[in-house]
Amino acid sequence: MSYDYTAFIILLPLASFILLGLFGRQYFKNVSGIIGCASLLISAVLSIYAADQYFFVNENVAGTFESIIPVHYTWLEFSPDISIDMGILLDPISVMMLVVVTVISLMVHIYSLGYMKGEERFSTYYAFLSLFTFSMLGLVVSSNIFQIYIFWELVGVSSYLLIGYYYDRPTAVAAAKKAFVVTRFADLGFLIGILILAFGAETLDFQTLIHRLTDIQTTQFVAMNASAFLGVSLITWALVLVFIGGAGKSAMFPLHIWLPDAMEGPTPVSALIHAATMVVAGVFLVARLFPVFHQVPAALDVVTIVGITSALFAAIIACTQTDIKRVLAYSTMSQIGFMMFALGVSGFYGAAGSGFTASMFHLFTHAFFKALLFLGAGVVIHLVHSNEMKDMGGLRKLAPVAHLTFLIACFAIAGVPPFAGFFSKEEILHAAYESHPWVYYVALITSGITAFYMFRLYFSIFWNKESQVHEAHGEGPWSMKLPLILLAIGAAFAGFIPFSKYISPEGTPFHSEFHFTFSIAPVLIGLSGIFIAYVLYFRESTRPQRISESLGALYRTVHRKFYVDEIYSFITKRIIFNLVGRPSAWFDRTIVDGTMNGIARATATASETIKAMQSGKVQSYGIWFFGAIIGMVVLFLYLWK
Amino acid sequence: MSSVPITHILFVSTALFFIGMYGFFTRRNMITMLMAIELMLNSVNINFVAFNKYLFPENLDGIFFTIFIVTIAAAEAAVAIAIIINLYRSHKSIDVDDATEMKF
Numbered sequence: 001m002s003y004d005y006t007a008f009i010i011l012l013p014l015a016s017f018i019l020l021g022l023f024g025r026q027y028f029k030n031v032s033g034i035i036g037c038a039s040l041l042i043s044a045v046l047s048i049y050a051a052d053q054y055f056f057v058n059e060n061v062a063g064t065f066e067s068i069i070p071v072h073y074t075w076l077e078f079s080p081d082i083s084i085d086m087g088i089l090l091d092p093i094s095v096m097m098l099v100v101v102t103v104i105s106l107m108v109h110i111y112s113l114g115y116m117k118g119e120e121r122f123s124t125y126y127a128f129l130s131l132f133t134f135s136m137l138g139l140v141v142s143s144n145i146f147q148i149y150i151f152w153e154l155v156g157v158s159s160y161l162l163i164g165y166y167y168d169r170p171t172a173v174a175a176a177k178k179a180f181v182v183t184r185f186a187d188l189g190f191l192i193g194i195l196i197l198a199f200g201a202e203t204l205d206f207q208t209l210i211h212r213l214t215d216i217q218t219t220q221f222v223a224m225n226a227s228a229f230l231g232v233s234l235i236t237w238a239l240v241l242v243f244i245g246g247a248g249k250s251a252m253f254p255l256h257i258w259l260p261d262a263m264e265g266p267t268p269v270s271a272l273i274h275a276a277t278m279v280v281a282g283v284f285l286v287a288r289l290f291p292v293f294h295q296v297p298a299a300l301d302v303v304t305i306v307g308i309t310s311a312l313f314a315a316i317i318a319c320t321q322t323d324i325k326r327v328l329a330y331s332t333m334s335q336i337g338f339m340m341f342a343l344g345v346s347g348f349y350g351a352a353g354s355g356f357t358a359s360m361f362h363l364f365t366h367a368f369f370k371a372l373l374f375l376g377a378g379v380v381i382h383l384v385h386s387n388e389m390k391d392m393g394g395l396r397k398l399a400p401v402a403h404l405t406f407l408i409a410c411f412a413i414a415g416v417p418p419f420a421g422f423f424s425k426e427e428i429l430h431a432a433y434e435s436h437p438w439v440y441y442v443a444l445i446t447s448g449i450t451a452f453y454m455f456r457l458y459f460s461i462f463w464n465k466e467s468q469v470h471e472a473h474g475e476g477p478w479s480m481k482l483p484l485i486l487l488a489i490g491a492a493f494a495g496f497i498p499f500s501k502y503i504s505p506e507g508t509p510f511h512s513e514f515h516f517t518f519s520i521a522p523v524l525i526g527l528s529g530i531f532i533a534y535v536l537y538f539r540e541s542t543r544p545q546r547i548s549e550s551l552g553a554l555y556r557t558v559h560r561k562f563y564v565d566e567i568y569s570f571i572t573k574r575i576i577f578n579l580v581g582r583p584s585a586w587f588d589r590t591i592v593d594g595t596m597n598g599i600a601r602a603t604a605t606a607s608e609t610i611k612a613m614q615s616g617k618v619q620s621y622g623i624w625f626f627g628a629i630i631g632m633v634v635l636f637l638y639l640w641k
Numbered sequence: 001m002s003s004v005p006i007t008h009i010l011f012v013s014t015a016l017f018f019i020g021m022y023g024f025f026t027r028r029n030m031i032t033m034l035m036a037i038e039l040m041l042n043s044v045n046i047n048f049v050a051f052n053k054y055l056f057p058e059n060l061d062g063i064f065f066t067i068f069i070v071t072i073a074a075a076e077a078a079v080a081i082a083i084i085i086n087l088y089r090s091h092k093s094i095d096v097d098d099a100t101e102m103k104f
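Protein chains in written order, with my numbering: chain H, 1 to 641; chain C, 1 to 104.
I should point out that these hints are in silico values taken from the structure, not numbers from a laboratory.
Think of the CB as a built atom: it goes at the ideal place given N, C-alpha and C, for glycine as much as any other residue.
Where hints are given, some of them may not hold.
Beyond 12 Å from chain C on every Cβ pair, some chain H residues (computed) [unchecked claim]: (1) 64; (2) 563; (3) 615.
DSSO-like mimics (lysine-lysine), calculated; alpha carbons at most 30 Å apart, straight line [as the list claims (entries may be wrong)]: (4) 103(C) with 92(C); (5) 617(H) with 92(C); (6) 390(H) with 117(H); (7) 561(H) with 390(H); (8) 53(C) with 611(H); (9) 617(H) with 103(C); (10) 501(H) with 390(H); (11) 117(H) with 29(H); (12) 177(H) with 117(H); (13) 573(H) with 561(H); (14) 177(H) with 92(C); (15) 117(H) with 397(H).
Build the full structure now, drawing on both the sequences and the hints.
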């Protein structure tokens, strides 16, 4: 069966972007939300249909899910081998991502109908959302590594536009700029990595590239492994550089600084871009190149270490933040760290590839519960008009739907059975336990901290003290409640999907067993995290305050996010500005500008002195003319010998 | 015909040229200057004809050029006189020293 219609999944949001972006403000001011939702609804239906066709109807050939390229054309050809193509590559992970992106995006589109109602730039907002969805869909189906780079930058642009949506707030503008610059800086690594890969593998096409770099008999494989730079083989350099790009987009330590600030954007945007879809692009990139990564243990080790560091680091910071969106941002970073190290510890063949499967599984479930958490936080923020925890408390009666769905999401992220996060996190921990035990222990502690800070958030918002909100305008219209309920269903039941039957590094299904005794420890740790949060935050008390005071400097360090922002501004403002910026500014002003000004000044002086010759008297011109001719005659006939 | 050496003819044309040049630099009346320019042009014409006759009698290039220059000179004189008339209308003078606005 043909998959040609998948092109519409990607092109519909583009059409909606063009329509709303060009004409939205004049003609569709009131219906722009409906247009955006309708195009996304069609996209979502088509992608679910495609997934059904791919996984269930067509089944698999000889036990393996094949990669299919239904749409493909060559865009820029540099040489017969190296060309930038635009195409759609369907394989298990891209089909899965199509479903995730369209469904979450649809939920956010519907939610925004209520949340963004009455905004001045309502249609612009929907245009940007459509642009983002188009770019993200283009990214996940890319058949060419340069195509993925193009869409990679496009999601960066739409993220920038949406973070800076409230452009009259200086903090939002600064946050948008920060996000753009930091990810752009990381993308420099990505670009260099692509160039090395293109140079070594002599192709940009994903399938050819993966084939050439995994088959040990190809000349490209031998060349890339044999040649080395600074004692590290070329392929390792390429993969680590590509991973730097992924780490920047996925907010991995130490390139994470843009993500918490990105919460300045509208809350539905945070749910879509900075929680469920765009930030997992880095994980997706590593998964897409996983067969190549698998050949290079050093690169996988980098992925593992960066992943586990980010997971623990972000979880610790999340415990001390008071802005609820920032807590969720750090929690996102921590969960993406889980996905990253799951890829890092994964093997390739058969059940050894369970880390890869678990990573994709967690990506899938995380998209549901984290989007739900953000949308729930959006309802709460709508209600109390503040992001700070101290302004909240006791909201369970004012926002019953948000309360219940938020609780489900918290259970899911804390890994309480039978919610979605339990299964995916279990698989990740198990994969880590099998290959890298030390990673497992760190991850175990992290998941305990995760449970603690999520329930700290939950209790602080919905219990803790009596509600201070008096004007009860409810939790918003149905357009806001419906996505919460649908996502809550996903967060509760997505875990029962047998992922290993569909997604594995090889494309061959394997049977993953459920390890009952193994899951006792993580669940107990999670429950004790919840219990500690219950003791400290269920009722209003001064205990958390006293604990933080007794920790002193340690608490302050964590509260200030380990001073990473300060280190960055020290490096940029003190070192780069003083040692690079100022000298080059001096060079520019004195040498470059000086040369130009000098030339201009010399010309002006010369013309001042000789302009008296232009007297307006024809006869004096004539004298000069004849004099010059006589001079030239003398010169050429007598002197030029 | 060939009894007249070419140097005589060149002498005439050189004399004519410098007479024209003298006139161009010393007169202030624009019409006179124009006439001086015509003298210079004609001295060149004489040169063309003379060299054609004495060096390449089988060719007609020099004579051809002369006719060409005469034609151009006629057109140029018409334009120049038109300019002079217009200047006279605006300045009430055809003295070249009265028309010096076109300077820096």
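Status of each hint after checking the structure:
For residue 64(H), the condition that its CB be more than 12 Å from all CB atoms of chain C holds, with the nearest at approximately 85 Å. Residue-level check passed: residue 563(H) sits 66 Å from the nearest beta carbon of chain C, beyond 12 Å. A beta-carbon of chain C is positioned within 12 Å of the beta-carbon of residue 615(H); the least distance is around 5 Å. With a CA separation close to 20 Å, the supplied pair residue 103(C) and residue 92(C) stays within the 30 Å bound.
Under the criterion of a C-alpha separation no larger than 30 Å, the hint pairing residue 617(H) with residue 92(C) is consistent with the structure, at around 18 Å. Restraint check: the Cα-Cα separation between residue 390(H) and residue 117(H) comes to about 27 Å, which is no more than 30 Å; the hinted pair holds. The hinted pair formed by residue 561(H) and residue 390(H) meets the criterion: a straight-line CA distance of about 20 Å does not exceed 30 Å. Straight-line distance between C-alpha atoms of residue 53(C) and residue 611(H) comes to about 46 Å, which puts the hinted pair past the 30 Å bound.
For the hint pairing residue 617(H) with residue 103(C), the CA-to-CA distance comes to about 8 Å; that is within 30 Å, so the pair holds. Between residue 501(H) and residue 390(H) the CA atoms are separated by roughly 46 Å; this puts the pair beyond 30 Å, and the hint is violated. Between the alpha carbons of residue 117(H) and residue 29(H) the distance comes to roughly 11 Å, so the proposed pair stays at or under 30 Å and holds. For the hint pairing residue 177(H) with residue 117(H), the CA-to-CA distance comes to about 26 Å; that is within 30 Å, so the pair holds.
For the proposed pair residue 573(H) and residue 561(H), the alpha carbon gap of about 19 Å is at most 30 Å, so the pair holds. As the CA atoms of residue 177(H) and residue 92(C) are separated by approximately 71 Å, the hinted pair breaks the 30 Å bound. Between the alpha carbons of residue 117(H) and residue 397(H) the distance comes to roughly 24 Å, so the proposed pair stays at or under 30 Å and holds.
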